[in-house]
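Chains as they are written, first to last, in the working numbering: chain A, 1 to 126; chain B, 1 to 762.
Calculated directly from the structure, the hints in this document are not laboratory data.
Computed from a prediction, not measured in an experiment: that's the story for all the values here.
Check each hint, because a few of them may be wrong.
Unchecked claim - Within a straight-line C-alpha distance of at most 25 Å, the following computed PhoX-like cross-link-like pairs (lysine-lysine) qualify:
no.: 1; chain 1: B; residue 1: K535; chain 2: A; residue 2: K30
no.: 2; chain 1: B; residue 1: K164; chain 2: B; residue 2: K227
no.: 3; chain 1: B; residue 1: K641; chain 2: B; residue 2: K553
no.: 4; chain 1: B; residue 1: K549; chain 2: A; residue 2: K6
no.: 5; chain 1: B; residue 1: K549; chain 2: A; residue 2: K25
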Amino acid sequence: MAGLQKILLVEDNLELRNLYEIFLKQHGYKVALAADGDEGLEVAREYKPELIFLDVMMPKKNGFEVLKLLRHDPQYHCTKTKIIILTNLGDSSKVSHDVREDMDGYMIKAEIELQSLLDVIKSFEK
Amino acid sequence: MASLHWLNNKFGALWRSLGGRSDSIRRRLTILMLIIGLAPTLVIGWVSFITTSNELYAKTVDQLTSTASKQEQKINGLLQQRQEGVTTLTNRFDLQSALGEYLRTNNDTDRSQLGEILQDIKVQSTDTQSITVTNLQGKVLATTVEGQDGTALPAQDYAIPDDKETAVSVRKDARDGVARLYITTKISVNKQQLGVVIVVYRIDDIIAAVQDYTGLGNTGETVVAGKDATGNAVSLFPLRFNTDAALSQNLNSLQLFQENDATKTAVDYRNHEVIVAPKAIGFADWTIATKIDTDEALAPIVQLRGTLITLLALSSIAVFVIALWLTGYFTKPILLLAEIAQRIGKGDLAARINLQRRDEIGLLGENINAMGSSLKDFVTRIESERNRLEVVLNSTIESIVAIDKAGTILIANRAVLGLAQMNRNEIVGKNIQEVFGWTHDLQPVSIDYAAKGVHTFNDLEYIDKAGTTHFVRIIVARVSDEQGSQAPQTIVTIHDETKTRELENMKIDFVSMAAHELRTPLASLRGYIELITYKEGDHINPEISKYLKQALKSSNELGGLINNLLDVTRIERGTLTLSMEKVDIAALAAQAVTDLRFSAEDKDITLGYDGVTSGVTVLADAIAIREVINNLLSNAIKYTKNGGTITVKLTQDKTGVTVRVRDDGIGIPPKALPYLFTKFYRVHGGLDSGSTGTGLGLFISKSIIERHNGTISVQSREGVGSEFIFTLPSTTDEHLTSLSAEKQDQTLIRRHRGWVTKDTTR
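For reference, chain A alone in the conformation it holds in the complex (with noise of 0.2 Å):
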């Protein structure tokens, strides 16, 4: 596996975490895990992943808080990380500009096929 292998994942709903984690697992990479906004940003910093899938609605601190914050604060190394949203809406116009620069593509919750988790991090092993 060139390139990519430390993936952290910021849900808050338990079973999708965990559903993920041993998906991610089970294909050899790296996983770290983060419940909330807060703890994303902090696990972010200690673990300065290659990858963050990035749930939307969270406690504390929502995803694209989050996602502003890793982007332009040096202190989470995560300027050049990639970052995927996770979110329940189902039209991008919804999206904010700014959201949409920040972040390198979103999927939308409900349509997630596992396969397709693979497909988006192999696209960025290119």
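Knowing the structure of chain A, use the given hints to seat chain B on it.
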């Protein structure tokens, strides 16, 4: 009638009392009856007046003429008597011879002789005042007048016109001023004139005759006119009303004698109008005129006139009184009837009239009474009807106002007061535009309240007096073509949807929230099913694998349903936003057909595509349009029997792109067609197997297509099949160019199955 106006002005007050109106029947009838009643009296009076007047005149003239004749005879007689005396005198031999002797001798003895003869003659006639004999030159030869002998007389005293033997005149004696008759005659012997004899007579008898006014009333008299020394016509004798006028009163101006007309009126010396009958006394060259004042002569006529006028006045009054009574008899009840009708008209429905008459007017009165009763019943009925209507109006929860053609609010029910937070006085009588200012998205909306028919205006806002915003639907119904003001023309029903809308919003919020909440566990559920598949891989028991596939399929369906619900909530909230971009609709449709072919093959359905597979660009939200095509295809598969055929056909023309999804399935009942695109509508009685769905697909599809300014429709025959057709408008190049700049962010996003990344290939 001019006379009517004259009467109106002249006797306005009295006249108006004949009737309240300027032109009343009573007045006209009164005038008519006056004319009819007085005309005969007038005509007969006039004719008899003229006749009598003429007769009286003629009679007067006759009388005057006869009196004049009598006077003429009398005066003529007296004159002739004296004339004859003079003639006898001049023919006396002793006088002739004495005169001749004296003229021959010219001595005093002969002259005395002559004088004595003259004295003798004078004594013989008592009338004689004096006798004078002159020679041809007027020198007195002998006279009975003392002291005149030998004097020369003025020419007027002795001159005799050449053609006459005798001159007769009345003159005043210069000495005593008494008027006397002078007869001057030539005295001739053997045809040779020796001299002139002048005899002066007293004329008391003639004056007495002239002054005999018998049969001449109080003003009649006979005027004797002759010429005075200067040739002027003068009255020879004293006048009845001017005894000093003899020989001095100039009568020329009286024009009494210049006409031959025997019946003539003239103006006499007193300036009185008189009727006059003239007569000539031939030999004396005199004229007599018997006259009488017209006033006196025609006095009976004046009396007659007075009588006639009195009669006319009396009959006028009589006719007037009768006319008043008679016309009053007919018009007074009519006025009463008019008054009662007026009172009824003004709303006093209890007003009745009792004329106590059995004639036609009485009948009219009874009918008016009956009409009043009917009206009262009618109004009572209408009032109770109105009260009932008011109760109904006020008990309904809909706000209802009635307005007239000017927009003035005539009626407002109780619900309106509650809606507007106003009292009745603030609404009724005001213009509806002032009271209710409707807005839509806070923009004022003007409504044509006079439009015919029934019109509904949805989604309006109204801010009541308390400041609360209401969401309303109003229905404007023109109910009457009545043009008058105060007549209800339009009924405006205001349906307050605020509460409904709140509930609706709550429902949408609830559905939206529920759907969102469902997505996370669904994602989890599906993910774990996938995880099992991944973990077990090919070692999985085929039966278990089949179950897992079914579970995955069901969870995908559940995801679809949830997405539909979310779409509906977005549509209802108006927050369904589309990402418009250049879309190759042909490729998109062809791909959809390919993707769904497996589902179709499960039912042995042949799914075909008819059209180009790329190169047809429209401006659209690719995901939304894909959803529409998926919806239509899923429905077609669902409602087509095993072994059927479904065809997707794409055509393009100048106006846009048309996509048809045609099946030979069970079709749609005609009665269902109108509701097909409404929310939650499902056709019942279709195929039992596989006929699942929320009934939202077509509603969402319609919303999406309409948001693209396209159209969607359906044609179907039961048992034959259905065809759903949607169109998308074509887009100009400029449109596409401007859009591509505007929506650059979105075109950078590239979609994959379930995930999206920035398009790094650009």
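Verification of the hints:
no., hint, result
1, B:K535 to A:K30, "holds, 18 Å"
2, B:K164 to B:K227, "holds, 16 Å"
3, B:K641 to B:K553, "holds, 21 Å"
4, B:K549 to A:K6, "violated, 32 Å"
5, B:K549 to A:K25, "holds, 24 Å"
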